[in-house]
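Enquirer: Based on the sequences and whatever the hints tell you, model everything.
Protein chains in written order, with this note's numbering: chain B, 1 to 440; chain Z, 1 to 253.
No lab work stands behind these hints: they were computed from the structure. Heads up, the beta-carbon is just placed ideally off N, CA and C, and yes, glycines get one too. Just to be clear, a hint being listed does not mean it is correct.
Said to hold, decoys possible - Label-pair ranges, simulated between beta-carbon atoms: (1) ASP182/Z <-> GLU50/B: 57 to 65 Å; (2) GLU409/B <-> ASP182/Z: 30 to 38 Å; (3) PRO30/Z <-> ARG236/B: 55 to 63 Å.
Unchecked claim - Which chain B residues stay away from chain Z? Per the calculated CB distances, all over 10 Å, these: (4) ASP73; (5) ASN192; (6) PHE298; (7) ASP311; (8) GLN384; (9) SER390; (10) GLY392; (11) SER412.
What the hints assert, rightly or not - One side of the interface only, derived from the structure: several residues of chain B facing chain Z at Cβ under 10 Å: (12) GLY13; (13) VAL113; (14) LEU388; (15) PRO395; (16) VAL401; (17) LEU402; (18) LEU431; (19) GLY432.
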Amino acid sequence: MAALTDNPAVDLGAVESIVSAYGEPAWLADERRAALRAYADQPFPTEKTEEWRYTQLKRFSFAGLELAKAPKDESVPERISMRIADSDAEGVIVHKGNKVVMHKAAIKEAGVVFTDLRTALRDHEALVREHLYDVVNARQTKFTALNSALWENGTFVYVPRDVEVELPLGAFTTADSGGIGLGRTLIVVDVNARLTFIDEYTSEPFDERLFFDAATEIVLKDGAKLRYVSLQNWSRNVAHINKLRAHLGRDARLESVTVSLGADAARAEVESRLEGPGSESEMLGLYFADEGQHFNQFTLQHHATPRGFSDVLFKGAVRDASQAVYSGMIIVDPHAQKTDAYQTNRNLLLDEAAEVVSIPQLEIAANDVKCSHGSTTGPVPEDQRFYLMSRGLRPEVAEHVLVTGFLYEVMSRVTLPKVAEYVERVVQAKLGVPGVKEKL
Amino acid sequence: MSDKQLEIRGLRARIVGGEEILKGVDLVVPRGEVHALMGPNGSGKSTLAKVIAGDPQYEVTGGDIILEGQSILEMEPDERAREGLYLAFQYPVEVPGVSIANFLRLALNARREEGDEIGVMEFYKKLQRAVKELNWDDSIIERNLHEGFSGGEKKRSEILQLLVLEPRYAILDETDSGLDVDALKVVSQGVNAARGPNFGALVITHYQRLLNHIVPDRVHVMVGGRVVRDGPKELAMELDQKGYEWIREAVGA
Numbered sequence: 001m002a003a004l005t006d007n008p009a010v011d012l013g014a015v016e017s018i019v020s021a022y023g024e025p026a027w028l029a030d031e032r033r034a035a036l037r038a039y040a041d042q043p044f045p046t047e048k049t050e051e052w053r054y055t056q057l058k059r060f061s062f063a064g065l066e067l068a069k070a071p072k073d074e075s076v077p078e079r080i081s082m083r084i085a086d087s088d089a090e091g092v093i094v095h096k097g098n099k100v101v102m103h104k105a106a107i108k109e110a111g112v113v114f115t116d117l118r119t120a121l122r123d124h125e126a127l128v129r130e131h132l133y134d135v136v137n138a139r140q141t142k143f144t145a146l147n148s149a150l151w152e153n154g155t156f157v158y159v160p161r162d163v164e165v166e167l168p169l170g171a172f173t174t175a176d177s178g179g180i181g182l183g184r185t186l187i188v189v190d191v192n193a194r195l196t197f198i199d200e201y202t203s204e205p206f207d208e209r210l211f212f213d214a215a216t217e218i219v220l221k222d223g224a225k226l227r228y229v230s231l232q233n234w235s236r237n238v239a240h241i242n243k244l245r246a247h248l249g250r251d252a253r254l255e256s257v258t259v260s261l262g263a264d265a266a267r268a269e270v271e272s273r274l275e276g277p278g279s280e281s282e283m284l285g286l287y288f289a290d291e292g293q294h295f296n297q298f299t300l301q302h303h304a305t306p307r308g309f310s311d312v313l314f315k316g317a318v319r320d321a322s323q324a325v326y327s328g329m330i331i332v333d334p335h336a337q338k339t340d341a342y343q344t345n346r347n348l349l350l351d352e353a354a355e356v357v358s359i360p361q362l363e364i365a366a367n368d369v370k371c372s373h374g375s376t377t378g379p380v381p382e383d384q385r386f387y388l389m390s391r392g393l394r395p396e397v398a399e400h401v402l403v404t405g406f407l408y409e410v411m412s413r414v415t416l417p418k419v420a421e422y423v424e425r426v427v428q429a430k431l432g433v434p435g436v437k438e439k440l
Numbered sequence: 001m002s003d004k005q006l007e008i009r010g011l012r013a014r015i016v017g018g019e020e021i022l023k024g025v026d027l028v029v030p031r032g033e034v035h036a037l038m039g040p041n042g043s044g045k046s047t048l049a050k051v052i053a054g055d056p057q058y059e060v061t062g063g064d065i066i067l068e069g070q071s072i073l074e075m076e077p078d079e080r081a082r083e084g085l086y087l088a089f090q091y092p093v094e095v096p097g098v099s100i101a102n103f104l105r106l107a108l109n110a111r112r113e114e115g116d117e118i119g120v121m122e123f124y125k126k127l128q129r130a131v132k133e134l135n136w137d138d139s140i141i142e143r144n145l146h147e148g149f150s151g152g153e154k155k156r157s158e159i160l161q162l163l164v165l166e167p168r169y170a171i172l173d174e175t176d177s178g179l180d181v182d183a184l185k186v187v188s189q190g191v192n193a194a195r196g197p198n199f200g201a202l203v204i205t206h207y208q209r210l211l212n213h214i215v216p217d218r219v220h221v222m223v224g225g226r227v228v229r230d231g232p233k234e235l236a237m238e239l240d241q242k243g244y245e246w247i248r249e250a251v252g253a
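Expert: Right, dumping it as structure tokens:
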């Protein structure tokens with residue numbers, strides 16, 4: 001497989017032009033320059049790199065692409081307007097290329113900041129400076145370094161101490177032209193505060209290729225609770241890569257769902273670091289690859305504190321000559337006693353040409369823990385198919401029922417009905433259920 | 001002779017690639033009648049049920065299955081069902097994430113033309129009537145198909161589906177196994193409710209017990225992959241008293 005190669009568009013000139021175009025503060029300019037050095041110092045992953053084994057690397061290549069600039073037009077795509085009309089969100093922001101094309105917020109709770117990162121840097125610089133690059137930074141991967149050096153805009157949310165934001169907030173990220181796109185979300189939920197946030201990536205198909213590199217930083221202070229959804233449904237001319245990482249304080253709780261449905265190739269790295277005793281991280285994942293899509297997911301449950309609980313459940317179906325890769329890691333530090341950590345990956349193969357690789361792993365250095373991991377991959381159970389058909393269901397309908405039934409275990413744990421309905425609709429459209437159209 | 005019957009003619013079948021289990025089964029169930037099929041373990045009763053329904057685990061090596069004048073051997077299981085056949089499974093499978101209500105609506109609509117789907121009100125009326133017939137609680141229809149069901153609840157679900165789908169012919173494969181006396185009564189009551197001039201059934205059982213509640217019009221006895229004896233309902237009682245040994249001896253099996 002061809003190795004990834006560097007791109008001359010990623011250089012100090014690009015960093016400096018962002019710094020000067022936005023008149024960025026010196027601390028941020030220094031961070032960017034350091035990130036670019038880290039980027040240059042890191043080799044591209046190869047198929048021999050452990051975390052990237054089985055990844056079809058060339059599908060994440062960004063060689064020859066320019067940094068994405070302004071969109072061709074600044075209208076909000078209809079598919080996003082429809083999603084917004086159907087949501088009960090208290091605040092919505094829409095990113096298109098490097099522009100914010102919509103920002104609506106009617107947040108009734110006091111002191112909540114929900115805006116784009118540029119505005120946040122201007123109006124809440126100290127808050128941004130305190131947390132930016134804490135959780136996702138240039139030291140992690142070639143792609144987080146690329147993002148850290150060259151991101152142009154993104155979303156910032158801050159929920160003050162003891163504040164509960166009742167209704168969800170959401171960001172849509174879209175594009176109408178190709179290149180290297182960079183997105184960044186920074187969510188800070190302060191002590192005993194609560195938030196629900198939805199990051200959605202979607203587009204109408206366009207001609208050029210877009211490589212999108214997203215970074216999601218989540219800071220949960222003591223007792224903070226966050227429900228977070230990452231919903232990737234890009235058009236097929238996009239390759240998407242996302243590191244979504246959370247740091248959890250004492251008794252904090254994260255419930256995340258990572259959904260992969262669109263794009264040509266997508267890699268999601270979903271990571272929780274449990275730093276405060278009693279913290280809990282539930283990480284759900286759902287994917288459905290068809291028509292040659294390549295989905296790649298990595299989960300990390302890092303228990304760096306005693307009495308933490310983490311549970312990963314990733315389920316997916318793979319059809320046609322498509323491929324899904326799951327690799328999961330549980331790390332339990334020596335002093336992280338009384339850890340409860342679970343990791344499950346289940347896959348449904350709908351075609352002989354479909355392929356799944358599943359690699360669950362544990363690294364446990366403590367001796368008083370409860371940990372388990374499990375992985376299954378197989379076709380639709382023949383006895384279930386026969387049973388449904390014996391009631392008159394046509395084979396294709398039986399398959400729809402069995403796939404949605406298989407994914408239901410994840411969907412039933414998504415406590416946001418609107419999101420669950422939408423995901424189900426997209427899955428049904430991919431399955432070809434009559435009468436269901438996911439407008440693309 | 002009337003076409004309104006399910007006829008098994010010289011049927012031979014085996015598990016794909018395995019030994020022959022059915023060695024020439026002959027049997028006729030006219031529409032409007034309920035027949036019992038009895039026989040010792042391993043005689044091929046359940047195999048016959050699954051072969052009639054089209055279970056892909058089995059292959060037919062000879063003979064025919066004729067539903068109202070038409071051979072169904074080449075039909076897929078779903079086509080057979082839409083032609084009016086129904087198998088109440090001995091071991092109903094669990095299908096996660098699919099509610100009984102949604103499943104049955106899909107099954108009913110599979111029998112109708114596109115654009116002529118059953119109305120929501122009509123459907124729930126029908127479903128609730130069946131639920132009531134089986135002395136069940138309404139909430140059962142929102143539960144996922146057989147997920148966490150007891151053995152008895154699964155059997156009851158098979159009869160619930162029968163009442164909603166209204167097949168012309170039903171094969172009940174040991175619907176009595178694993179049922180206590182009360183559940184047996186409820187399930188039998190459901191089957192008896194389905195009885196009528198447009199319903200034929202083949203009730204497979206080891207025991208007379210079930211046949212006290214579902215009184216058959218005829219009894220067939222299967223031994224060694226063949227139907228070796230046909231008789232009136234009294235034959236079932238005779239078998240219950242004497243066991244199967246005398247039949248084995250009589251037919252030299």
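Enquirer: Compare the structure with each hint and give your call.
Expert: Do the hints match the structure? See the list:
| no. | hint | verdict |
| --- | --- | --- |
| 1 | ASP182/Z <-> GLU50/B: 57 to 65 Å | holds (60 Å) |
| 2 | GLU409/B <-> ASP182/Z: 30 to 38 Å | holds (33 Å) |
| 3 | PRO30/Z <-> ARG236/B: 55 to 63 Å | holds (57 Å) |
| 4 | ASP73 | holds (40 Å) |
| 5 | ASN192 | holds (35 Å) |
| 6 | PHE298 | holds (26 Å) |
| 7 | ASP311 | holds (18 Å) |
| 8 | GLN384 | violated (5 Å) |
| 9 | SER390 | violated (5 Å) |
| 10 | GLY392 | violated (4 Å) |
| 11 | SER412 | violated (7 Å) |
| 12 | GLY13 | violated (53 Å) |
| 13 | VAL113 | violated (39 Å) |
| 14 | LEU388 | holds (7 Å) |
| 15 | PRO395 | holds (7 Å) |
| 16 | VAL401 | holds (5 Å) |
| 17 | LEU402 | holds (7 Å) |
| 18 | LEU431 | violated (14 Å) |
| 19 | GLY432 | violated (14 Å) |
In terms of the numbered hints stated before, the structure departs from hints 8, 9, 10, 11, 12, 13, 18 and 19, listed from lowest to highest.
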